[in-house]
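A.B. asks: Please build the complete structure, drawing on both the sequences and the hints.
Listed in order, the protein sequences are those of chains A and B. Position 144 of the first sequence, counted from 1, bears residue number 144 in our numbering, the numbering being contiguous throughout. Position 97 of the second sequence, counted from 1, bears residue number 97 in our numbering, the numbering being contiguous throughout.
Because the hints were derived from the structure by calculation, they are not lab data. All figures in this text were calculated on a predicted structure; none of them were measured in a lab. Be careful, since some hints might not be right.
If we take Cβ atoms under 8 Å as the criterion, some of the chain B residues that face chain A in the derived model are [what the hints assert, rightly or not]:
{"no.": "1", "residue": "F22"}
{"no.": "2", "residue": "A114"}
{"no.": "3", "residue": "L117"}
{"no.": "4", "residue": "L214"}
{"no.": "5", "residue": "Y257"}
Ideal Cβ positions, reconstructed from N, Cα and C, are used throughout, including at glycine.
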Amino acid sequence: MTVLAAATPALGDLLAYDFMRHAFVAGAAIALASGLVGFFVVLRAQVFTGDALSHVAFTGALAALAAGLDPRIGLFAATILVALLLGVLGPQGRADDVVIGSVFAWVLGLGVLFLGLFTRNHSGRNSTAGVAVLFGSIFGLDAGQTTVAAAIGAAVALAVVAVARPLLFASVDPAVAEARGLPVRALGLAFLALVGVVAAEATQAVGALLLVSLLAAPAAAASRLTARPLRALALSGLLAVAGTWAGLVLAYLVPRLPPSSAIVAVLAVVYLATVALTREPRRGPLH
Amino acid sequence: MAAGDPHVSWNLLADLGDLLRFPFMVHAYAAGTVAAVTAAVLGWFTVLRRQSFAAHTLAVAAFPGAAAALWLGIGASWGYFGFAGGAAVLIGLAPGGGNRRFGGSSAVVGLVQAGALAAGYLFVSLHGGNLNGITALLFGSFLGITSGQVVTLTVLALVALGVVAMIGRPLLFASVDPVVAEARGIPVRLLSIGFLLLLGIATAEVVAITGTLLVFALLIMPVATAQLLTLRPGPGLALAIGLAVASTWAGLTVAYYTPYPVGFFITSITFALYVGAHLVRALAERAGGAPGTPGDVAAGTRP
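C.D. replies: Put into structure tokens, the structure is as follows:
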């Protein structure tokens with residue numbers, strides 16, 4: 001995945017390669033969408049749901065591969081469907097930990113079965129496909145995939161910005177929001193569907209297993225830096241994009257470092273830095 | 001997956017002999033039994049304390065541990081237990097880590113988890129990137145368990161279960177009602193960290209069988225199934241242990257006769273039992289005898 005053409009990568013050549021340009025464009029779009037959606041995921045205490053969806057993404061992609069389809073069809077179908085299912089099952093669109101955990105463990109088990117089927121039917125290829133889905137392959141995107149990823153990322157970001165105010169209200173105080181006539185339950189479901197789209201999209205960049213850091217780290221860092229919710233939302237998106245780009249540069253400079261590991265490392269450092277810099281957490285939206 | 005393309009003859013004695021012909025299967029059954037018992041006991045407290053997300057994180061932390069141990073050329077068990085224990089202390093000490101209903105803390109737990117997976121991927125990549133090795137670490141494999149590992153697993157399981165037997169009562173009290181327990185002088189925070197450490201041991205044991213990503217199958221699902229059927233702690237715990245052990249044995253047996261991974265079979269069996277318990281409960285409620293709400297074990301523990 002991290003096969004680099006140059007033996008000693010120079011920073012000046014960073015954008016000379018197609019795969020790097022694709023990674024920067026797709027990475028920015030995916031990170032922006034993840035950062036914005038992630039803010040609400042953390043605010044609504046649905047990190048576990050996002051995590052469950054990322055596991056579903058794995059099974060969806062491998063089911064599609066085992067059936068001989070484009071893995072992206074399986075990714076989107078599985079994550080959006082399960083997101084809506086979790087929303088319908090749980091009270092007020094928030095499902096119970098044990099229910100989510102049990103379902104996603106079984107779903108992952110199914111994914112392993114599909115991986116086994118796929119590996120047996122394509123004996124020439126080993127489990128590379130499974131590992132690519134689990135840990136992402138952002139340096140492997142072609143022009144078409146980049147365009148699709150950028151378009152979907154931008155659409156999700158726009159959707160989040162459009163519903164930001166009512167969603168914020170419904171997340172912070174669902175009872176009062178309901179009394180004021182806001183469709184709290186519908187908003188919750190729509191939001192979960194957005195999380196599903198992001199999970200499917202981000203799987204291509206950082207992989208199903210590392211998705212949760214792209215969702216949680218920028219949001220948690222932003223909420224420590226500012227107490228105002230809308231400012232924190234914007235900051236969360238910005239931090240996600242900056243962290244992703246920094247991770248990509250880092251992975252480019254250190255060839256043995258997988259890009260997804262680099263992105264997660266940068267995001268974790270950003271979060272830890274905000275924890276160190278802001279001793280007392282402010283009375284932000286998340287605290 | 002197993003050597004010699006075995007098949008079921010339906011002659012039970014012959015099949016049993018066939019199953020136990022290879023030492024690796026004997027080791028797998030022994031390790032699986034030990035892991036299932038430990039997992040059910042610690043899982044029971046985990047569900048009670050609503051810390052299943054933390055349990056998942058500890059399991060995930062075992063993955064870089066095993067990957068690092070492979071990379072450095074030391075035993076995988078060291079990596080499993082070292083990293084799972086380290087993550088347990090980290091979560092326990094993190095701001096708000098002991099507080100389960102805190103949205104920010106689940107973000108911290110999620111970060112620890114993703115960081116651990118990213119580190120594991122890096123270690124495998126440094127090791128030279130055997131991608132099939134990643135799949136075995138993540139989704140379990142019962143082929144490589146040595147007799148030394150069985151001994152390590154058993155000793156650690158006995159230690160963990162012994163500690164649970166000693167701190168069981170205060171831990172139960174602190175889990176059901178932390179505020180009152182604190183007022184009565186029980187060291188709630190210390191118990192919380194201690195419990196996470198024990199949970200780290202239990203998850204590392206399960207990881208050896210089901211792989212990092214499928215620990216829920218043995219840690220949470222048998223307990224959740226048992227709690228749907230009975231709320232009394234004693235029978236519930238016994239039922240959870242029975243279900244976990246039976247599922248592990250059945251999963252290992254089926255996996256021996258088919259080319260597919262053991263993790264898939266164990267998760268499918270425990271999940272089917274969980275769904276079945278939901279159905280039984282729904283029928284019982286329709287008949288009129290509702291035994292309480294699921295997950296509300298506290299109701300059954302009060303005198």
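A.B. asks: Each hint should be assessed against the structure and marked as holding or not.
C.D. replies: We went through each hint and held it up to the structure:
1. Below 8 Å, beta-carbon pairs count as interface contacts, and F22(B) has none with chain A, the closest being about 21 Å; its hint is therefore violated.
2. Against a cut-off of 8 Å between C-beta atoms, the interface hint on A114(B) holds, since the closest Cβ of chain A lies about 3 Å away.
3. Interface hint status for L117(B): upheld, as the beta-carbon distance to the closest one in chain A is roughly 5 Å, under 8 Å.
4. Hint status for L214(B) relative to chain A: holds, with the closest Cβ pair at about 6 Å, below 8 Å.
5. Because the closest C-beta pair between Y257(B) and chain A is about 14 Å apart, greater than 8 Å, the hint is violated.
When each numbered hint is compared with the structure, violations occur for hints 1 and 5.
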